[in-house]
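Residue numbers (our numbering), protein chains in the order written: chain A, 80 to 489; chain B, 142 to 208.
These are calculated hints, taken from the structure and not from any lab test. Among the hints, a few may not be true.
Over the 12 Å line for every Cβ pair with chain B, so calculated as not near, a few chain A residues [stated by the list, open to error]:
hint: 1; residue: P101
hint: 2; residue: L123
hint: 3; residue: P194
hint: 4; residue: Q208
hint: 5; residue: G213
hint: 6; residue: D249
hint: 7; residue: E387
hint: 8; residue: D417
hint: 9; residue: R427
hint: 10; residue: Q437
hint: 11; residue: F473
Among the chain A residues that face chain B by a calculated CB cut under 7 Å, a handful are [as the list claims (entries may be wrong)]:
hint: 12; residue: G148
hint: 13; residue: A193
hint: 14; residue: F195
hint: 15; residue: V435
The structure presented is a predicted model; accordingly, all values stated were derived computationally and were not measured. Note that the Cβ used here is the ideal one computed from N, Cα and C, for glycine as well.
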Amino acid sequence: MADTLTGPLPQDPDPVPDFPMPRAARCPFDPPPGLKELQERGPLAKVRLWDGSRPWLVTRHADQRALLGDHRVSADTDSPGYPSKAAGDGGDTKFGFIMLDDPEHARLRRMVTAPFAIRRVEALRPVVQDIVDGLVDDMLAGPGPVDLVEAFALPVPSLVICELLGVPYDDHAFFQDNTRTMVHRDATPEQRGRATREIAEYLGGLIGRRLADPRDDLLSGIAGRVRAGEIDHRTATETALLLLLAGHETTANMIALGTLALFHHPDQLALLRDTEDPALVVSAVEELLRYLSITHLGRRRAVTADIEIGGRLIKAGEGVIMANEIANRDPEVFPDPDRLDLTRDARRHVAFGFGVHQCLGQPLARMELQVVYATLYRRIPTLRPAVPLDEIRFKEDAFIYGVHSLPVTW
Amino acid sequence: MSGAEVELETDRCVASGQCVVAAGQVFDQDDDGIAVLLAERPAPEHLDDVREAVAVCPAAAIRLLER
Ligand code: SF4
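With the hints as constraints, model all of the structure from the sequences given.
Shown next as structure tokens:
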């Protein structure tokens with residue numbers, strides 16, 4: 080930040096801003112002001128992480144896409160220079176293929192791509208619509224206010240991913256508690272390790288049962304790969320864990336945080352509530368993905384060979400962080416970037432990342448969000464917050480940004 | 142028909158389906174989600190959509206050769 084450069088800090092000969100940076104209290108939807116300053120100053124800056132390491136922070140949209148698409152950039156948490164998110168990050172569980180490089184990454188990823196093809200996802204749309212309608216019915220049948228996170232935002236993706244994977248939803252309290260611990264930045268390595276082990280054991284057991292007794296679900300598909308000798312049981316379990324975790328913690332936060340953002344942009348909320356046009360819903364989802372960019376710890380990589388980018392040389396063994404929330408506010412790509420405008424063309428956002436690791440579940444996430452945003456405000460047109468903004472606790476402390484709870488009434 | 146030609150490198154495809162969303166007349170996916178080219182020489186009215194597909198494809202698997 081500017082004051083650390085100009086202020087009297089003689090004891091620090093090499094001032095480097097800390098990352099992640101705090102958001103401004105009054106703009107919980109905007110990226111931290113410090114990130115904006117770095118972006119205005121230049122394409123690359125060094126930042127300091129929790130462990131004292133100093134990776135590069137890449138702020139511009141074009142540079143982030145170039146680096147994320149570059150094979151000299153590794154997603155392996157064991158690569159020298161990899162910028163780790165928290166103590167224990169990387170640990171002994173490798174969250175399946177997202178922490179591996181090609182060709183192993185591609186091999187494992189391709190084993191689970193089938194259910195996320197557009198047509199397969201579209202075939203699920205009526206199922207998701209039923210889930211969403213059922214949850215809205217339940218909300219309307221009970222008294223307000225309710226916590227939108229508990230009553231709606233978390234159950235939607237949870238029910239959907241359980242259906243897709245073949246995990247019994249009756250166990251949701253168990254894995255929701257554990258996934259919450261796994262993505263909590265302040266969880267100790269022991270806590271994170273225990274939560275991870277508990278779900279891994281649970282999923283490993285389910286896969287074992289599907290080996291003996293396959294059904295029409297993704298866990299059975301993964302078990303089939305074990306039977307065919309393509310992967311071992313451990314890799315199968317890690318893959319299932321990745322899908323279960325990603326299915327919970329991202330879409331749920333997009334629903335709740337998106338709804339809160341819309342409350343604060345009533346004209347935009349009205350657009351969604353009053354539209355008959357599915358194309359507007361599609362563009363609204365892209366714009367909210369861009370505007371909120373909930374993966375606020377950035378895409379992290381280690382550079383394995385010298386790369387010149389933005390006029391600077393990144394050396395082999397250095398870490399890079401692609402802060403997608405600031406790339407998604409890059410004025411070169413999105414004019415007037417800080418304005419939430421559901422009618423703009425936001426399709427080139429990097430909220431799902433870029434390159435070969437780009438989110439596998441994005442077609443499913445998009446479809447769920449389209450159904451939610453097209454249904455919730457139309458069916459509950461008087462939906463509104465039940466507490467003022469300054470009583471909302473934001474998830475600055477989690478790997479995925481969002482709100483801890485969102486009391487609403489109607 | 143137009144002079145423009147689409148190239149798809151299926152080896153690079155990571156099955157994100159973004160090309161299908163951007164230009165469903167030109168791209169489809171196989172059973173595993175890997176992209177399939179429906180029209181090597183897309184109609185001129187589909188070229189903008191193909192350009193969008195090129196821009197959003199995370200794996201740089203699509204090229205549009207315009208002459
Ligand atoms: S957008 Fe690219 S990576 Fe995604 S399905 Fe199409 S070709 Fe494959």
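Results of checking the hints against the structure:
No Cβ of chain B comes within 12 Å of the Cβ of P101(A); the nearest lies about 30 Å off, and the non-interface call holds. Non-interface call for L123(A) relative to chain B: holds, since the shortest CB-CB distance, roughly 22 Å, exceeds 12 Å. Taking the minimum C-beta to C-beta distance to chain B, about 8 Å, the non-interface status of P194(A) is violated against the 12 Å cut. Every C-beta of chain B lies more than 12 Å from that of Q208(A), the closest at about 19 Å, which supports listing it as non-interface.
Every C-beta of chain B lies more than 12 Å from that of G213(A), the closest at about 27 Å, which supports listing it as non-interface. For D249(A), the condition that its CB be more than 12 Å from all CB atoms of chain B holds, with the nearest at approximately 30 Å. No Cβ of chain B comes within 12 Å of the Cβ of E387(A); the nearest lies about 19 Å off, and the non-interface call holds. Against chain B, the non-interface label of D417(A) holds: every CB pair exceeds 12 Å, the least being about 23 Å.
Its closest Cβ contact with chain B, about 6 Å, brings R427(A) to no more than 12 Å, contrary to its assignment away from the interface. Chain B draws Q437(A) into its interface by the beta-carbon criterion, the shortest separation being 4 Å against a cut-off of 12 Å. Non-interface call for F473(A) relative to chain B: holds, since the shortest CB-CB distance, roughly 29 Å, exceeds 12 Å. Given hint, G148(A) at the interface with chain B, holds; its Cβ is 6 Å from that chain's nearest Cβ, closer than 7 Å.
The beta carbon of A193(A) comes within 5 Å of a beta carbon in chain B, closer than 7 Å, and the hint placing it at the interface holds. A hinted interface residue such as F195(A) counts as satisfied when its beta carbon comes closer than 7 Å to some beta carbon of chain B; here the least separation is about 6 Å, so the hint holds. Given hint, V435(A) at the interface with chain B, holds; its Cβ is 5 Å from that chain's nearest Cβ, closer than 7 Å.
In this structure, the earlier hints numbered 3, 9 and 10 are contradicted, and the remaining ones agree with it.
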